[in-house]
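Enquirer: In case you want the letters, here they are:
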Amino acid sequence: MPDSIPANSVGLVSPQTLHIETPITLECGQALPAYDLVFETHGKLNQSTSNAILICHALSGDHHVAGYHAMEDKKPGWWDNVIGPGKAIDTNHFFVVCLNNLGGCNGSTGPTSINPDTNTPYGPDFPIVTVNDWVKSQAILADNLNIQQWAAVVGGSLGGMQAMQWAISLPERLKHVLIIAAAPKLSAQNIAFNEVARTAIKADPEFHEGYYASHDTLPRKGLGLARMLGHITYLSDEAMGEKFGRELRHDSINYGFDVEFQIESYLRYQSESFAEQFDANTYLLMTKALDYFDPASAFEGDFAQAVSKIQAKCLVISFTTDWRFSPERSQEIVNALLSENKEVTYAEIEATQGHDAFLLPISRYHDIFTAYMKKVASEVIPS
Amino acid sequence: MSLRPDLQIIFDWIPAGAHILDLGSGDGTLLAALQQHDVTGYGLEIDNSQIAHCIESGINVIQADLDQGLPQFADQSFDYVILSQTLQAVKRPDFLLDEIIRVGKQAIIGFPNFGHWQCRLQLVFGGHMPISRTLPNRWYDSANIHLCTIKDFENLCTDKQVHIQQRCIVDHAHQDSLGIKIAPNLFGEIALYQIKKSD
Chain A
1 MPDSIPANSV GLVSPQTLHI ETPITLECGQ ALPAYDLVFE THGKLNQSTS
51 NAILICHALS GDHHVAGYHA MEDKKPGWWD NVIGPGKAID TNHFFVVCLN
101 NLGGCNGSTG PTSINPDTNT PYGPDFPIVT VNDWVKSQAI LADNLNIQQW
151 AAVVGGSLGG MQAMQWAISL PERLKHVLII AAAPKLSAQN IAFNEVARTA
201 IKADPEFHEG YYASHDTLPR KGLGLARMLG HITYLSDEAM GEKFGRELRH
251 DSINYGFDVE FQIESYLRYQ SESFAEQFDA NTYLLMTKAL DYFDPASAFE
301 GDFAQAVSKI QAKCLVISFT TDWRFSPERS QEIVNALLSE NKEVTYAEIE
351 ATQGHDAFLL PISRYHDIFT AYMKKVASEV IPS
Chain B
384 MSLRPDLQII FDWIPAGAHI LDLGSGDGTL LAALQQHDVT GYGLEIDNSQ
434 IAHCIESGIN VIQADLDQGL PQFADQSFDY VILSQTLQAV KRPDFLLDEI
484 IRVGKQAIIG FPNFGHWQCR LQLVFGGHMP ISRTLPNRWY DSANIHLCTI
534 KDFENLCTDK QVHIQQRCIV DHAHQDSLGI KIAPNLFGEI ALYQIKKSD
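If you read the protein sequences in the order shown, they are chains A and B.
Number 277 in the numbering used here belongs to position 277 of the first sequence; there are no gaps in the numbering.
Number 525 in the numbering used here belongs to position 142 of the second sequence; there are no gaps in the numbering.
Keep in mind the hints are simulated off the structure, nothing from the lab.
The beta carbon of each residue, even a glycine, is placed where N, CA and C say it ideally should be.
Pairwise CB distance ranges (calculated):
id	chain 1	residue 1	chain 2	residue 2	range
1	B	P454	A	L360	26 to 32 Å
2	A	S297	B	S581	42 to 48 Å
3	B	H546	A	K44	56 to 62 Å
4	B	K488	A	I5	55 to 61 Å
5	A	L248	B	Y523	41 to 47 Å
6	A	D294	B	P454	22 to 28 Å
7	B	A526	A	G29	56 to 62 Å
8	B	L561	A	L360	57 to 63 Å
Build the full structure now, drawing on both the sequences and the hints.
Expert: Here it is as structure tokens:
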């Protein structure tokens with residue numbers, strides 16, 4: 001709980017809900033007759049609506065990107081260190097929008113929502129959603145907020161992929177795109193990790209083919225295991241070593257299978273708390289959206305052709321010890337943009353924290369982020 | 384805006400509207416100045432801490448290591464490729480030169496002349512690696528691992544069949560002198576060349 005709200009925080013915020021009655025047809029062919037999008041906004045939309053920034057969240061993120069929902073909150077929103085007055089995305093200048101993606105489990109319509117056909121939660125019957133579907137629904141939110149063109153669409157990891165898809169699919173609707181710790185598509189290894197996570201969830205006896213809600217239970221073990229695995233891929237060997245090393249919880253080893261090393265304890269705690277908060281069916285959907293992401297597929301596999309559609313100026317950022325989406329993957333994006341003569345800046349941040357670095361307040365990263373957003377502000381905000 | 388003298392010489396050689404690649408762009412000063420003349424292009428810079436400065440200068444910059452070559456760029460995709468004061472700091476200057484003339488229709492290359500009389504005197508009579516105004520570091524902490532003379536560079540160009548279109552040899556204050564005109568490799572401290580692949 002914050003004793004008082006820090007001066008550079010957006011402060012207390014309340015999520016809003018946009019209810020859409022117009023059906024949306026998803027890429028998989030199924031349609032949702034009606035749906036909710038839950039979102040948060042920070043800062044003020046200016047009169048010319050030129051200062052709006054869309055933040056796209058990653059796999060387990062949500063709309064709560066900055067500030068606090070209540071004074072009792074232990075932590076602020078997930079990207080509070082970049083969004084706020086005087087921060088990289090300065091809410092004195094920008095109007096920031098972040099929504100919970102369709103298929104999510106924090107308010108927007110997803111597997112935990114009630115299926116109007118059955119009056120029970122969708123559960124595993126919720127249709128597969130893709131990055132394209134998210135961009136489509138985010139554009140509907142933009143229309144409803146009267147935002148014709150974003151000053152920038154920003155995201156890290158799976159969020160960076162959405163930002164990239166925005167720039168490709170709706171090129172005239174954004175002036176800048178910030179693609180952080182992302183990749184043009186998943187590698188076989190990335191998909192393999194996702195499949196292990198899904199297998200862990202589905203193998204949990206409490207999963208009940210996804211209908212765990214009607215059995216009044218949760219696949220805590222499976223989802224927890226999936227999260228443990230994910231967590232390992234978000235950190236670097238170096239970061240784990242620095243943080244935990246081989247430190248023991250107690251003074252000596254016990255020659256048993258209980259938690260002994262601090263890293264074991266950390267992973268267990270992370271997985272157990274995650275399994276209480278996050279929906280397993282949503283986790284399955286999100287990993288599928290990642291696996292399917294491949295903007296080149298609409299252009300006969302030619303990624304350069306896909307990025308040739310981009311009109312936005314691009315900032316691509318990677319982190320040296322990120323092995324989930326390594327700097328080489330970001331360079332693939334940059335090289336495609338260069339081959340099409342697009343406006344692009346690329347930075348490879350030296351950081352020990354692995355993939356997680358994109359969420360952390362690393363000064364060199366934030367200096368670049370801040371410098372870029374100042375440039376965006378100077379271009380889009382009338383003086 | 385006043386440019387560093389060597390950058391001013393390069394600036395004057397680039398025609399308005401050209402598409403350029405500035406290798407080792409530093410804080411982006413040169414490209415930012417050129418953009419005022421409708422020049423477009425990218426800076427390449429290895430130093431992470433310079434990227435924010437480049438963004439503030441308003442240029443597009445790509446963080447990259449020149450020792451990896453320029454594989455991200457297609458053949459002849461720039462009107463000019465610029466390499467100022469960096470040739471002597473790469474692992475294989477000859478490979479980089481190949482890459483430069485591959486991606487650039489023309490190139491501008493500047494380097495400190497190791498054949499300058501002060502360098503020669505320090506080596507011959509002092510018996511130690513030269514330290515000068517243009518080469519201020521000691522042998523062990525210098526980034527300059529492949530120092531060359533004007534003669535060395537021109538020999539490399541000959542070997543590579545690179546055509547020298549113009550050159551500018553100056554002292555540390557970027558001034559020309561009679562001595563430099565008569566014996567450039569002895570009196571020149573900084574050399575700048577405009578080159579292209581021989582037809």
